[in-house]
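Q: Taken in order, these protein sequences are the chains called B and G. Quick note, the numbering used here runs 4 ahead of the 1-based positions in the first sequence. Quick note, the numbering used here runs 4 ahead of the 1-based positions in the second sequence.
Treat the hints as calculated values from the structure; they're not laboratory data.
Since the list gives no way to pick one copy over another, a pair counts as held whenever it fits inside one copy or between any two copies.
Calculated lysine-lysine pairs in the DSSO-like style (CA-CA distance at most 30 Å, straight line): (1) K209 - K279; (2) K275 - K244; (3) K119 - K279; (4) K298 - K119; (5) K279 - K244.
Number of protein chains: 2
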Amino acid sequence: MNIAADMSIPTWADVVAAHERIAPHIRHTEVMTNEDLDRQAGARLFFKCENLQPPGAFKVRGASNAVFGLTEDQAATGVATHSSGNHALCLAYSAGRCGIPCNVVMPRTAPQAKKDAVIGYGGRITECEPSTSSREEVFARVVAESGGDFVHPYNDPRVIAGQATCSKEFLAQVENLDILIAPIGGGGMISGTCLTVSSIAPHVKIYAAEPAQADDAMRSLDAGRIIADDAPETIADGLKVPLKELTWHFVSNHVTDILTASEQEIIDAMKLSWKRLRQVIEPSSAVPLAVILKNPKTFAGKRVGTIVTGGNVDLDRLPWTKH
Amino acid sequence: MNIAADMSIPTWADVVAAHERIAPHIRHTEVMTNEDLDRQAGARLFFKCENLQPPGAFKVRGASNAVFGLTEDQAATGVATHSSGNHALCLAYSAGRCGIPCNVVMPRTAPQAKKDAVIGYGGRITECEPSTSSREEVFARVVAESGGDFVHPYNDPRVIAGQATCSKEFLAQVENLDILIAPIGGGGMISGTCLTVSSIAPHVKIYAAEPAQADDAMRSLDAGRIIADDAPETIADGLKVPLKELTWHFVSNHVTDILTASEQEIIDAMKLSWKRLRQVIEPSSAVPLAVILKNPKTFAGKRVGTIVTGGNVDLDRLPWTKH
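Generate the whole structure from the sequences, applying the supplied hints.
A: Here it is, written out as structure tokens:
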């Protein structure tokens, strides 16, 4: 697949610039370990806790790289995006810190807690129907009216360069990693990881973890082209979106393998993470641990870095409790 | 109240020695902050996350100070204690790391998860009935048979010196604190905090936080003598035990005030901590935040250090979900 003319592939220099730009606005997140999880996996596991970012997800890296990299003219009209999840929160958070407008198109069915968070950070929500056609129509109107710069959740070189700062920190925090693993949805975090690893640690293998019920990235890698599912259903709600041209570029060139886990395996790994790491992490963030425990031949004896992508969870609707 | 002849009051030199002794066996825990919590409190809040200790509680500090300070002869027969909570886990954990026996007397009604954890760390459990008389009788027999050194959960100078290393780290991590606050049950953590603060930061005020339904420490401070309740009922299960002579010494001399929170306020603060800090913390650990939010006149405008004491929670029985 060709990359569109207006879409440049981000480079290592972009990552270094991004890290300098966003450092004052993000948390240099902690790496956690746990002996019991190591025993269960037969590996040495390191968890980089992006759930500890102020708005609760790694996406603040890419969002703040886009926001704080705007020209003065661009900043005047602010940013715009469509997202029902962490990208919306993180873009609103970053725009709020920068003092610029942020317009977010969200389906009216999005969780009220997410909407409240966007508004709390100073974002402006325009609701659409939960369909692609409605979203595109409403978003086009919002952009036309606001003049906001569109920051795509992942198919944007500024966003990928921002996400790449996570593995840049991780490789500096933990020596001699054999493997880096992260969840894959649209592929923003994995693409950033590919960018960093191919630039400064090409011996580290990159694995992606995906819900079996939303395994479009795995099937894409097998088929050699992007396969997009219509409306996959999984508890890992951050991982429902398909790859796009930029993220496909990185995934197809640098990912060793994509492994999947069932819904129950994801829930079990999420609960295990809460219990052992004592971190509140969202279902999407538990998919890597689920596949690590499921594939000992791939991970046993290795030093494995896992990116814990976020911690925005509805505490009233935990997947292992009745409601 | 006089201190028994065999019970010396720990000094700052003991704290410094304890910190050197236990440093390889504990986590130098992170301090978390959150802008939303700051806004709600009208203060600058810092949370020292002892829930991140490997066995999930600050009590690993005192326990490992006792264990690793044993003579070779004492180590041969190991340690013994009675506890249904974090002290049991932490003593078993520390003894396991040291490779010495650990006998724990636990009520047969203690949560199976706690028993499993003690056994998982290599501890040996002897069950008693859930009454003081049964516990004392069984414990006396276990000590006679094993010869283990009794490590009291809090009324032990080695334990208090160990807990004091927490505020020693905290004061080095955060500059210019005005207040330190921690939950109070038997008073081990608060006593350690008193020891550190009175030694190296006497301008810092110390507050203790207690469930209104187990407010024996507050009533003790008011009355000028230890008041012990028979069997208080509170969700903050780590805070049901009464002060003893050593902890009373520190509390009565150095604590500015003891503030209480209702059960619902504790649950709300616990849930708020999970949501904002994205840390799994137990109910006892939420009592300080509950009293901070309830007493703005005391805390507003201040830099407040809160000790988050532990994160051992039954994830299947969260207080805000039906079960």
